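Peer 1: Those protein sequences? They're chains A and B, same order as listed. Using our numbering, read the first sequence as starting at 155 and increasing by one per residue. Using our numbering, read the second sequence as starting at -12 and increasing by one per residue.
Hints are computed from structural coordinates only; laboratory data are not their basis. This structure is a prediction, so every number in the text was calculated from the model and none was measured. Take these hints with a grain of salt, some might be off.
[To be verified] Covered, in the sense of this in silico footprint (three residues per stretch, anywhere, with C-beta under 8 Å from a C-beta of chain A), are these stretches of chain B:
id: 1; stretch: 200 to 214
id: 2; stretch: 222 to 235
[Unchecked claim] The list that follows gives simulated cross-link-like pairs (lysine to any residue, SDA-like), each with its CA atoms no further than 25 Å apart:
id: 3; chain 1: B; residue 1: Lys301; chain 2: A; residue 2: Glu469
id: 4; chain 1: B; residue 1: Lys225; chain 2: A; residue 2: Leu274
id: 5; chain 1: A; residue 1: Lys263; chain 2: B; residue 2: Val210
Positions of the beta carbon are idealized from the N, C-alpha and C atoms, including for glycine.
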Amino acid sequence: MPGPVIDCRNVWKVFGPLTLGDFDRIRQGGASKDEIQKENGCVIAVADANFSVEAGEIFCIMGLSGSGKSTLLRHINGLIAPTSGQVLIDGEDIAILPMAQLRSLRARKIGMVFQNFALLPHRSVIENVAFGLELRGVERPERNARAHEMLKAVQLEAWAEAPISELSGGMQQRVGLARALAGDPDILLMDEPFGALDPLIRRQLQDQFLTLCRGLKKTAVFITHDLDEAMRIGSRIAIMRDGRILQVGAPHEIILGPADPHVAAFVRDVSSKDTLSAKHIMTAAKPAEAKALARVKGVAPDTILSEAARTVAREKRDIPVRDDSGAMIGVLRIPDILGALSGRGLHAEN
Amino acid sequence: MRKTSPEHNTRVLPVALFAILAIAAAWWLVPLALPDWLTKFPAPKGLDNAAALVIDDAVGWMKKQWVDFFDVFTLILRTILTVIERALVSTPWPLTSAFALLTAWRLSGPRAAIFTAVCLAYLGLFGFWEKSMSTLALVAASVLICVAVGLPLGILCAKSARSKRLLEPVMDVMQTLPTFVYLIPAVAFFSIGKPPGVIATVIFALPSMVRLTALGIEQVPAVVREAADAFGARPMQKLMKVELPLALPSIRLGINQTIMMSLSMVVVAAMIGAGGLGLDVIRSLQHLKTGQGFLAGLAIVLCAMALDRMVRGKQPGRPSGRK
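Just need the whole structure built from these sequences, with the hints factored in.
Peer 2: This is how it looks when you write it as structure tokens:
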């Protein structure tokens, strides 16, 4: 079995003039972030980040502004080199890669989408989409054909010859997405791509992104400050604060078992009704119950919480969870459902 | 590290200024017999002459040492000038005019073309055609050199803070040193005629080109540069495909400035034998012929304005879509 596509090991990034002694002190926890910043003007942007992303995963990094998430993202394509630690792409440490090879890696393997679109205003839509291929030296007919294909994928083929300035924000970001996909990269880096868009457009683009990502089997690292967005599209989520990764886990793991008070504070306002499903909150059935529930209408393990809650409301009692074969695999109890809906971590109480 | 306290500075300066003014006022009100060394700056005798002589010697030495270099340089300049001037002067005027009008139309639209036509008509009707072609040859050569040298220097300034720090004071001197000061050595090195005129013009106009090119490149948004990097652009690709195209409006303004400044040097260049329209102005000045001087001056102004409108490009104009 192949290893992870992206593997960050003990990544540290400190901006500013840092001596080795200082760095050792920070690493051993001897000096706090504020102390170091006051003493010699160094800013710790990323502190000991560890995570890996498997092929086909959408890995979200969630944090507020200044948490170091964008800096961490830029380590993955070498736009920023780590102060210490390793960034492995398909097992290759890119921090020590020669510049020419790093450029080739960026051009072929990694596409990037930016918060402010970062399109080239002097070029038409199609020239923007074909930009990466042009840099690689692909001939015009070939790169335009490919760019047209990508524009079709984001439903903008009618705008191919238009100047960028004629497009709305949402359309511009679809051009950004098409540009990133045009080089057929394995990895997509999304730097708060939908943060600048209004909620309705954001939702549409999230769906479009998910469809494209799954259809084309891309691995993506997705930065966001919006936990709802992270829950919606992330297969797994890393929560960052002050340069540190506080917790990594699947959405339901984070909602049900926040690792520390900061994560719990983030999670408090998340609407768990669309994020959790029956299998996450069911408990094992007692033998006596099994019989009593045999005739009660059940739900599938993947039923989302809001729907399961409706069924419980109709039945007015605990309901069974049944798998495809109809066998009962657990029970959804009313207190658990109410607990989950009110946003409190259940297993934390046990 | 030296720490300057802003409060300290702001207090000392006004107090010192006030004290100096008070002393000066007291002197003026109560005229006292002051010793000589107070009323006259004690300048050592002969220092100025000695320094001037040293500079003279240095120029003379350089002229002797690098005579071949200067000769070759002058020859190159003269060749460029001759080629351009021949092309402009010997082409029949209808052809030149048609070319100018078409260029104006293509680059900047019908308005610019009409304005150019008016200017050309003036030059022809008042007998300035040949002289203005000769002047334009001088301007064209100066602008060519300014762009050829200024564009790379501007890029260098934008890319390297150290080069910028080095070039900044040099460019300040080039822009502020009175023209006549370097006109004399220019004649010494390049003899009289058009080549020293071009050199003087380039010294005067080059800094604008460098500064505006650098400004244009520095203004390219960081995130667009980052995008180019993220897609694997090599430094040269980034420059050619992202930075220069985005800096183009500023670079175009630089070229425009260079043209204007070159035309403003035409009269000065005529003083060292560059001929053309500038010579007419100087002759009128010498013979106190106001009318002729005015006509020749207007010809220079119209040349400048026509070129400006031609090169400026299509103006976005007022936003017509919104009302």
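Peer 1: All hints, please: hold or fail.
Peer 2: Here is how each hint holds up against the structure:
| no. | hint | result |
| --- | --- | --- |
| 1 | 200 to 214 | holds (count 5) |
| 2 | 222 to 235 | holds (count 6) |
| 3 | Lys301(B) x Glu469(A) | violated, 73 Å |
| 4 | Lys225(B) x Leu274(A) | holds, 12 Å |
| 5 | Lys263(A) x Val210(B) | holds, 20 Å |
Hint compliance for this structure: hint 3 alone is broken.
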